[in-house]
Amino acid sequence: MSQISLPDHAGPVETTWHWLYILICAFVFLFLIAPILVIIPLSFNAEPYFTFTKDMMSLKASAFSMRWYQDFMNKEIWQTAIGNSFFIAFFATILATVLGTFASLGLSRAEMPYKGLFMGLLISPMIVPVIITAAGIFFFYATVNDYFPLTGTYQGIILAHAVLGTPFVVITVTATLSGFDHSLTRAGAMLGADSTTVFFKIIMPLILPGVISGALFAFVTSFDEVVVVLFVASVEQQTIPRQMWAGIRESISPTILAVATILICISVMLLATVELLRRRSERLRGISPG
Amino acid sequence: MSELLTTVDGRPLKAALVKAERSKRIRAVLLVMPLFIFIFFSFLYPIALMLYRSVENPLIAQHMPATVAVLENWDGKEVPGEEAFAALAKDLVAARKSREIGKIATRLNFETPGLRSVITGTGRKAERWEPPFKEKFIKARSEWGKLETWVTIKRLSPTITSVNYLAAIDRKYDVKGNIVKIGSDYQIYVDLFMRTMWMSIVVTISCLVLGFPVSYMLASLPLRQSNLLMILVLLPFWTSLLVRTTSWIVLLQTQGVLNDLMVWIGLINDSQRIQLIFNAQGTVIAMTQILLPFMVLPLYSVMKTIPPSYLRAAESLGAHRFLAFWRVYVPNTLPGIGAGCLLVFILAIGYYITPALVGGQDGQMISNMIAFHMQKSLNWGLAAALGGILLGGVIILYWVYNKLVGIDRLKMG
Numbered sequence: 001m002s003q004i005s006l007p008d009h010a011g012p013v014e015t016t017w018h019w020l021y022i023l024i025c026a027f028v029f030l031f032l033i034a035p036i037l038v039i040i041p042l043s044f045n046a047e048p049y050f051t052f053t054k055d056m057m058s059l060k061a062s063a064f065s066m067r068w069y070q071d072f073m074n075k076e077i078w079q080t081a082i083g084n085s086f087f088i089a090f091f092a093t094i095l096a097t098v099l100g101t102f103a104s105l106g107l108s109r110a111e112m113p114y115k116g117l118f119m120g121l122l123i124s125p126m127i128v129p130v131i132i133t134a135a136g137i138f139f140f141y142a143t144v145n146d147y148f149p150l151t152g153t154y155q156g157i158i159l160a161h162a163v164l165g166t167p168f169v170v171i172t173v174t175a176t177l178s179g180f181d182h183s184l185t186r187a188g189a190m191l192g193a194d195s196t197t198v199f200f201k202i203i204m205p206l207i208l209p210g211v212i213s214g215a216l217f218a219f220v221t222s223f224d225e226v227v228v229v230l231f232v233a234s235v236e237q238q239t240i241p242r243q244m245w246a247g248i249r250e251s252i253s254p255t256i257l258a259v260a261t262i263l264i265c266i267s268v269m270l271l272a273t274v275e276l277l278r279r280r281s282e283r284l285r286g287i288s289p290g
Numbered sequence: 291m292s293e294l295l296t297t298v299d300g301r302p303l304k305a306a307l308v309k310a311e312r313s314k315r316i317r318a319v320l321l322v323m324p325l326f327i328f329i330f331f332s333f334l335y336p337i338a339l340m341l342y343r344s345v346e347n348p349l350i351a352q353h354m355p356a357t358v359a360v361l362e363n364w365d366g367k368e369v370p371g372e373e374a375f376a377a378l379a380k381d382l383v384a385a386r387k388s389r390e391i392g393k394i395a396t397r398l399n400f401e402t403p404g405l406r407s408v409i410t411g412t413g414r415k416a417e418r419w420e421p422p423f424k425e426k427f428i429k430a431r432s433e434w435g436k437l438e439t440w441v442t443i444k445r446l447s448p449t450i451t452s453v454n455y456l457a458a459i460d461r462k463y464d465v466k467g468n469i470v471k472i473g474s475d476y477q478i479y480v481d482l483f484m485r486t487m488w489m490s491i492v493v494t495i496s497c498l499v500l501g502f503p504v505s506y507m508l509a510s511l512p513l514r515q516s517n518l519l520m521i522l523v524l525l526p527f528w529t530s531l532l533v534r535t536t537s538w539i540v541l542l543q544t545q546g547v548l549n550d551l552m553v554w555i556g557l558i559n560d561s562q563r564i565q566l567i568f569n570a571q572g573t574v575i576a577m578t579q580i581l582l583p584f585m586v587l588p589l590y591s592v593m594k595t596i597p598p599s600y601l602r603a604a605e606s607l608g609a610h611r612f613l614a615f616w617r618v619y620v621p622n623t624l625p626g627i628g629a630g631c632l633l634v635f636i637l638a639i640g641y642y643i644t645p646a647l648v649g650g651q652d653g654q655m656i657s658n659m660i661a662f663h664m665q666k667s668l669n670w671g672l673a674a675a676l677g678g679i680l681l682g683g684v685i686i687l688y689w690v691y692n693k694l695v696g697i698d699r700l701k702m703g
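Quick mapping for you: the protein sequence lines, in order, are chains A and B.
Mapping of the first sequence onto the numbering used here: position 171 corresponds to residue 171, and the numbering continues sequentially without gaps.
If you count the second sequence from 1, you need to add 290 to reach the numbering used here.
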């Protein structure tokens, strides 16, 4: 029996209030999702407008076209950008996931000293305004450039993006480990497995869903990051967000809507993956699905 | 007296236990260390470097050494004598040769607007001048006969300075060395900090007002349905920030979807289209939608733990439905409200991308000013000082969040 449904004895005030409540919630859900959905049909607009034309409303086939997607496919600048984005996000994710997973294993141990302090520092890249991080990294790269080139290089952006991604890995993996049954590792050790075997055969399979979720968060963080790129990248490291940023600031070409639609599709896939992993993880750890 | 407990190989049990504990602790620390070292070098140290930028001031001491040395013993009461002008001439000529004069001019100009041309202009002439210098300098540019110019140079002589922080709160030193407000035409930063706070508060309250009913619905519906609705909350969370900002432009601009809709319904005339974006209000709308999931998720997870029987108990004891909700349910959600509001507020005050793209003139926030001084005006000291103040605020809020909620309870989806 849910609390949302109306009891039979409800009076007119309660009935009105009940429907008003449903209406408010519907409005909020619309507010959350409508801006995203509205982009999708508009990206198929045959005209270079950002609104629904009369022909589109009457569903004429001629009002729709794939021209903005073709534009996206044919423009070299977008193709370079998408390649760069994947390249940078891939390596930043690997770095963030490996470092973040090991740190989470340490942070989840009862013996870890100063746990709160370390946790606070390791999560802080997520909390500190990105403009401050970008400015700091800009100054830092400028001082070390003579020994190790970082400004305007791929390695510089990958390092910075890995920093921004690690908090997500730490959060998701420690969350997975919070329900971890430590008697399992002790049982493994008692049965004669050394710590490496215990790690790969017992711990890893159980925390893997959390690790993958964290990795996907780190990937999205890098894939969507524009401020650090604006501060330390050269023209060579053009990424999708930077190209979109430039496009929005100057004049929105409908090509941006096509790119946005593609990005939305990627988000949907990532969200679905993470949801499936979450359920699997909860099943593995014996928590009822929820 | 009981005998000492020992392990199989004869060591005292207590010592063996201490040793085992220590090695466990070391192993835990070793696991955390790689990430800590990484974060230290590529995050904490860079931020410390930025904070150092906000107080360091090597330029004048480095490139005007003679003048700085002479001014050290100057009392600052009246324009200094020939000795200081001779040192100035020497420094300016040397700076012109080493091509550093532009930097000096820019630095002094940040402090006292108008000094740029004074420095570059007299620097050019000083090469041909013979002593005595004082008269020639003052004749070339009257500013050299003003106390303020010399006080500015003296103030910027130390290698550590507080002028950036003063500038960041619209203050400066006057000729006598007192801290005073700058002219009202130049006061922008305090207002900007206030506006940033105000906009963040509006965004936080909007998120709470919109997020509370939705979280309540998600928490009280059966799992199957609430999971479906949860997707509507999580999808925006996973969608690129730039995509969401773009969609708000498409929706709200004067030739956009919402205005078209209102014209079509007949709510407004074609000529009365409303400017909904590229202003503060557009920024608040877009930021509310972008940050709403950060409110819903903590609220939802707290509401999920409140047993529905509480409400039923209150009702069976005679409370009206609404009263029961207000007096029993809402107080139980306070931890969630606190967590959500703090998180949204912390994220909002540092927002950069959305205000930059849809803020127009009056929707800019403090981060945008930091970016402006980093990239356009190149006044890095001031940018760092503004960043330092913002960072201080965020750290205090983060600390409060950690005390009240605990960072280990941060959840993503």
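A few of these clues could be false.
[What the hints assert, rightly or not] Under the rule of at most 20 Å between Cα atoms (straight-line distance), these lysine to any residue pairs were calculated in the SDA-like manner:
(1) A/Lys-115 to B/Pro-324
(2) A/Lys-54 to B/Leu-551
(3) A/Lys-115 to B/Met-552
(4) B/Lys-594 to A/Cys-25
(5) A/Lys-54 to B/Met-552
(6) B/Lys-314 to A/Asp-194
(7) A/Lys-54 to B/Lys-693
(8) B/Lys-594 to B/Gln-515
(9) B/Lys-594 to A/Glu-111
(10) B/Lys-426 to B/Gly-371
(11) B/Lys-314 to A/Ile-203
(12) A/Lys-115 to B/Ser-606
(13) B/Lys-314 to A/Glu-275
(14) A/Lys-115 to B/Gln-515
(15) A/Lys-54 to B/Phe-330
(16) B/Lys-314 to A/Cys-25
(17) A/Lys-54 to B/Glu-311
(18) A/Lys-115 to B/Lys-594
(19) A/Lys-115 to B/Glu-311
Just so you know, the hints here were simulated from the structure itself, not pulled from any lab data.
Quantities reported herein were computed from a predicted structural model and do not represent experimental measurements.
Each hint, compared with the structure:
For the given pair, A/Lys-115 sits about 15 Å from B/Pro-324 by alpha-carbon distance, which is consistent with the 20 Å threshold. As the CA atoms of A/Lys-54 and B/Leu-551 are separated by approximately 12 Å, the hinted pair is consistent with the 20 Å bound. Of the supplied pair hints, the one linking A/Lys-115 and B/Met-552 is violated, its CA atoms being roughly 55 Å apart against a limit of 20 Å. Only pairs whose Cα atoms come within 20 Å are accepted, and B/Lys-594 paired with A/Cys-25 is accepted, the gap being roughly 17 Å.
With a CA separation close to 15 Å, the supplied pair A/Lys-54 and B/Met-552 stays within the 20 Å bound. A C-alpha spacing of about 15 Å is found between B/Lys-314 and A/Asp-194, which places the hinted pair at or below 20 Å, so the restraint holds. Restraint check: the Cα-Cα separation between A/Lys-54 and B/Lys-693 comes to about 56 Å, which exceeds 20 Å; the hinted pair is violated. A C-alpha spacing of about 14 Å is found between B/Lys-594 and B/Gln-515, which places the hinted pair at or below 20 Å, so the restraint holds.
For the hint linking B/Lys-594 to A/Glu-111, the alpha-carbon distance of about 31 Å lies beyond 20 Å, and the restraint is violated. Annotation: proposed proximity of B/Lys-426 to B/Gly-371 holds, straight-line Cα distance about 13 Å (limit 20 Å). Taking the CA atoms of B/Lys-314 and A/Ile-203, the gap is about 17 Å. The hint holds against a cut of 20 Å. A threshold of 20 Å between alpha carbons decides the hint, and for A/Lys-115 with B/Ser-606 the separation of about 46 Å lies outside it, so the pair is violated.
Between B/Lys-314 and A/Glu-275 the alpha-carbon distance is near 35 Å, which puts this suggested pair outside the 20 Å criterion. Among the hinted pairs, A/Lys-115 with B/Gln-515 is inconsistent with the structure: their alpha-carbon atoms are about 38 Å apart, more than 20 Å. With a CA separation close to 57 Å, the supplied pair A/Lys-54 and B/Phe-330 exceeds the 20 Å bound. Taking the CA atoms of B/Lys-314 and A/Cys-25, the gap is about 51 Å. The hint is violated against a cut of 20 Å.
With a C-alpha separation of about 74 Å, the suggested pair A/Lys-54 and B/Glu-311 falls outside the 20 Å cut-off, and the hint is violated. Of the supplied pair hints, the one linking A/Lys-115 and B/Lys-594 is violated, its CA atoms being roughly 28 Å apart against a limit of 20 Å. Restraint check for A/Lys-115 and B/Glu-311: satisfied, since their Cα atoms lie roughly 16 Å apart, inside the 20 Å limit.
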